[in-house]
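S.K.: Mind docking chains B and C on chain A? Use the hints.
Residue numbers (our numbering), protein chains in the order written: chain A, 3 to 352; chain B, 3 to 352; chain C, 3 to 352.
If you are wondering where the hints come from, they were derived from the structure by calculation, not from laboratory data.
It is possible that some hints are incorrect.
Identical copies go unnamed one by one, so any copy, or any two together, can satisfy a pair.
Said to hold, decoys possible - In silico PhoX-like pairs for lysine-lysine, Cα to Cα no more than 25 Å straight-line: (1) Lys331 to Lys318; (2) Lys334 to Lys318; (3) Lys312 to Lys331; (4) Lys296 to Lys114; (5) Lys318 to Lys296; (6) Lys49 to Lys296; (7) Lys114 to Lys334; (8) Lys334 to Lys197; (9) Lys197 to Lys296; (10) Lys334 to Lys296; (11) Lys197 to Lys312; (12) Lys114 to Lys318; (13) Lys197 to Lys331; (14) Lys197 to Lys318; (15) Lys312 to Lys296; (16) Lys114 to Lys49; (17) Lys49 to Lys334.
Just so you know, these numbers come straight off a predicted model, no measurement behind them.
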Amino acid sequence: MTVSYRLSEIAARFGGRVLGDAEVRISQIATLEAAQPDQISFLTNSKYHVQLAGTRAGAVILAEADADSTALPRIVSDNPYAYFAKVSALLNPFPETRPGVHPSAVIGAGAKIDESASIAATAVIGEGATIGAHSVIGEGCSIGANVVIGCRARLYPRVVVYHGCVIGDDLIAHSGVVIGADGFGFAIDQGRWIKIPQIGRVVIGNDVEIGANTTVDRGALDDTVIEDGVKLDNQIQVAHNVRIGAHTAIAGCVGIAGSTTIGRYCRIGGSAGILGHLEIADHVEIAAFTLIGKSIREAGSYAAIFPFSKTEDWRKNTVHLRHLDELVKRVKALEQQLGSSSVESLKRKS
Amino acid sequence: MTVSYRLSEIAARFGGRVLGDAEVRISQIATLEAAQPDQISFLTNSKYHVQLAGTRAGAVILAEADADSTALPRIVSDNPYAYFAKVSALLNPFPETRPGVHPSAVIGAGAKIDESASIAATAVIGEGATIGAHSVIGEGCSIGANVVIGCRARLYPRVVVYHGCVIGDDLIAHSGVVIGADGFGFAIDQGRWIKIPQIGRVVIGNDVEIGANTTVDRGALDDTVIEDGVKLDNQIQVAHNVRIGAHTAIAGCVGIAGSTTIGRYCRIGGSAGILGHLEIADHVEIAAFTLIGKSIREAGSYAAIFPFSKTEDWRKNTVHLRHLDELVKRVKALEQQLGSSSVESLKRKS
Amino acid sequence: MTVSYRLSEIAARFGGRVLGDAEVRISQIATLEAAQPDQISFLTNSKYHVQLAGTRAGAVILAEADADSTALPRIVSDNPYAYFAKVSALLNPFPETRPGVHPSAVIGAGAKIDESASIAATAVIGEGATIGAHSVIGEGCSIGANVVIGCRARLYPRVVVYHGCVIGDDLIAHSGVVIGADGFGFAIDQGRWIKIPQIGRVVIGNDVEIGANTTVDRGALDDTVIEDGVKLDNQIQVAHNVRIGAHTAIAGCVGIAGSTTIGRYCRIGGSAGILGHLEIADHVEIAAFTLIGKSIREAGSYAAIFPFSKTEDWRKNTVHLRHLDELVKRVKALEQQLGSSSVESLKRKS
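The following block holds chain A by itself, in its conformation from the complex (with noise of 0.2 Å):
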C-alpha cells in the first residue's frame, strides 16, 4: 500500500523542470548511496558527482548548473534542498492519528478540545485549556490550566505547558520539552534567596519547532516570546522575558540568559551561550561554542572559539594565556628601547 507519485506530478506539484522519463514513479526519498530504482535522490553540492555517476536511484533532484551531469530522469530546481524537502514532505507525511481523547488521558473541567484533535493516552488536559483543530497531544503530556494551543499542533510525548501558555499554530514540540516553567528569579534577603514569582506566560507564534529536553521559561512579569518560524533543537535553554525574532534557528545545547532579544532570521550554532539583556540584530550568526557577552547591534558572523589542538601542544601554549599582559608589556618595552618609527605606527593603525 505504498504511495508513489510520478515524476510529473511532483513537477506539477513543486515546479521545476522535469528532464527525461517523466512517468517514472517514486516513493521515497533517499541518498545516492542508498537510493533504489523506485526512490528519488537529490545534488545539492557539485562535490558528490562520483556518488552522482554510481547511484541507483529512479530519479533526481539537481541544480541548473548540474542538469547535465546525469542521464537519470530528474527534476530541475532553483533550489534542490529545498525542493528534496518537499518532496519528502510529500512522501512522509505525519501518520495518521485518531481523533479523540483516549479513555486513559484525564481532561480537566471547562477544557475545550476541537473535535478533530487527539489527546493521547494517559495526557493530561489542565482546566479551561483549549487545543485546536487536528492538533495531537502524545501519551502522558502534561498541558497547564487556561492553555491555548492552536490547530495542528504535534506534541511528542512527555510535553509539559506550564498554566497560562499561549501558543500559536503548527508547533512541533518534541518529547521532554518543558514550556513555561519557572524562570530563574531570586532577591537575596539577609543570606536568604527569596524566590520571585513567575508571573509572565511564554507566547509562541506560528510554525515553531521545539527540539527535544529544550526548555523555554515563563516570563518573571512580562511574557518570554517565541516569534513565528523560530527552530529550536534539542537541549537547549531559553530564560525569563527572552524574545527570540521570527524564523531564527538555533542548534542543540545553546543557552540563552534572562532578558535578552534575539533579531530575526539569526543563527545560532550549538552550546553558544547568550548573556543576559542583550540584544542582538537580525540576521546575526553565532558560531558553535561562542559566549555572546554584549549586545551586537550589526548583522554579521561572530565567533570565540578556542581551537583545539594534541593536548600536550595545548598545554605548552596556553600556560602563556595566563601571563598575557606581561608578554604585551614585554614587547612594548622592546619597541621603547628601539624607537622603532615603523613599529609605532604598526601600533597606531590597529
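M.R.: Showing chains B and C alone in chain A's frame:
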C-alpha cells in the same frame, strides 16, 4: 475575585516606610512600563528614573535614596528588590491544590502520604515512600520506592525521584527534573566497560529549587548532597557524590563532575563547568562559560571566557594561539639580543 | 535478609588471590572511610594508604603492589577497580521486578511483549512494538510503534523511544532519555524554514547505557547508530546521523552535531562538542569543554580549554586576545629591525 491589599497592610506585613496615600489598594505587581493604577511597581536601579516618571503604577517600592523621586504612593525599603519579591509572593500565592490522591494515580504498598498532600493524575508513588504535609506531586511524577519528601514540596509534572532519595521541606522541582539516576561510573575490564552500581542516594536539604530538566545523580557509594537553600536553574547536570553548599545559586546548563564539593553562597554562571574531585571555597563566583579545572581555595570571582569578535577578526587573531609558545620564545630571544635590564626587571616582577 | 558472601566465594567467582581469613562474610561494598566490618572496601590508588590504615572494613580489594600494605583479609587483583565493580554488582543486583503488564499500562495492537518482561504503571507500548525477555519498561515510558527492544533492557521512568527505533540487549536508559526525536533539519525557502522529514531511525547495539535527559535524534534519511558498549552520561545531545563507535564513553552535557562519526574506545569529557560531518578516529580522548571543529585522524589526547583565573587577571590578559595578530606583527617588526638570525631560525623551526 481579585485579592488586593492596602499599602498600609503591605507595610504592616513586610516593614518599610509608607509615603503618600497608604490606603491605595494593590492587586498585582508589574514593571514600571506595564503597571496599571491597581498595581505596584519597583525601582531597584536609579537608572530607571525615566520609567518611574512615566509609570501609571498605583504605587512604587524604592530605596531610601530614591524616596523623593516620585510623588506616587510608595514604600521605602532598604532592600527594594527583596521587598518586591515578598509583595509578589503575597499577591501571587501558589494556586490552591486539592488534597488527596487522584484516582488515576498509582500508590505503592506501604506509601505514607500525608492527608493534606495532593497526588495528581497519573503520578506514581513507590512502595514505602513518604510524602509530607501539603506537598503537591504533579501529574506523571514518579517517586521511587522508599523516597522521603518533606512538607510543602511542589513537584511539577513529570519529575522523577529514584528510589531511596531523601528530600527536605519546601522543595520546588520543575518538570523534567531527574533526581537520583545512576552516576556515570564504569571500570574498564578487558576492553569492556563494567558498570559500577550506584548505591548512594541523593540527599536534599530544605528550601531548595531545581529547574526544568536538571539532573542530580545518586552517589556511587556515599550520597550526593544538596544543602539548604540551594537554587539550581534549568538543564544543570550534577554528577554523583557532588556536594553543593547551602545558599549557592547555579545558572542554567552548568555541569558539575563527580565528587566535587562546592562551598556555601557561591554563584555559578550559565554553562560553566567544574571538573571532578575539586573543592570550591565559600563565596566563590564563577563566570558563565568558565571551566574550573583546579580547586579554588579563596573566595572571589573567577573567569575563563574567550572574548567574541567578528568571525574574520576572531580567525585572524586566534590562529596565533596555536603558536603562542613560539611567540613567547621569539620575544625572549629579542630580549636576550638586546640584553635590556628594564625588560628583565619587568619579567621578574610578574 | 541481607545476602552475604565469604571472601572465598567471591574469589571463586571472580578470581584473585585471597590473603588472610577467607571465611570473612561480606554484605556490602563501601569506601575505606565509611566501610563497616561486614563490608569490603578497595584500594585503587596507593595515595590512599592513610585511609587504608584507618579503615574498619572487614576486607579489602587491592593490587599486587599493595598486597602487603594491610593485615586485613584481602583479595589481590590485577585490576582492583574492575574487581570492585564486579563485587558491587554481586552485592547490589538490580531490584527484582514482577513480570507482567500493570493494569494502568496501555498496550498497542500487535505489540509483542515477552512474558518475562515487566511493563510498569502508566507506560505506553505502541502498536507492533517488541519488548524482549526480562526487559523492564518503567513508569510512564512511551515506546513508539514498531520499536524493537532486546532482552534485559532497563528503562527507568519517563523514557521515550520514538517509532521504529531498534535497540539491542541490555540497554540501560535513565529517566528523561529521548531516543528517536526528529533531527534538526530544515531547508530555507523564500525566507521560511521548511522541515525535512526525518525518516531514518536510531539503531542501538548491545550493552549501552544512556544517562538521564540525554537525547539521541533519529536520522534524516539513514540511521543514527550507537554501537555496542557505548556509555553516555546525562544531558548529552546526539544529533541525526551521528555514529558512535563501540565502547566509547561520553561524559555529561556533550553535544555532537549531525553526521559526525566517532571511533571506538574514545573518551569525551564533559560539555565538549564536536561539529558536524567530522570523523574522529578510534582511541581519541577529548578534554572537557573542548570543541572539535575538524576531523581527527590520529589517536591521542586533544584539548581546547581556556584557563581560568581571577576575574581581574582574566580581564587584563584576555583583552589582548582581540589584538593578538597585531602583537605578532609587532614582534615580527622587531625581529626584522634587529635582523637576528637566531630569532629567524627559531621561527623557521616551528
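S.K.: If you test the structure against every hint from before, which numbers come out violated?
M.R.: Hints 4, 7, 8, 9, 10, 11, 12, 13, 14, 16 and 17 not satisfied by this model.
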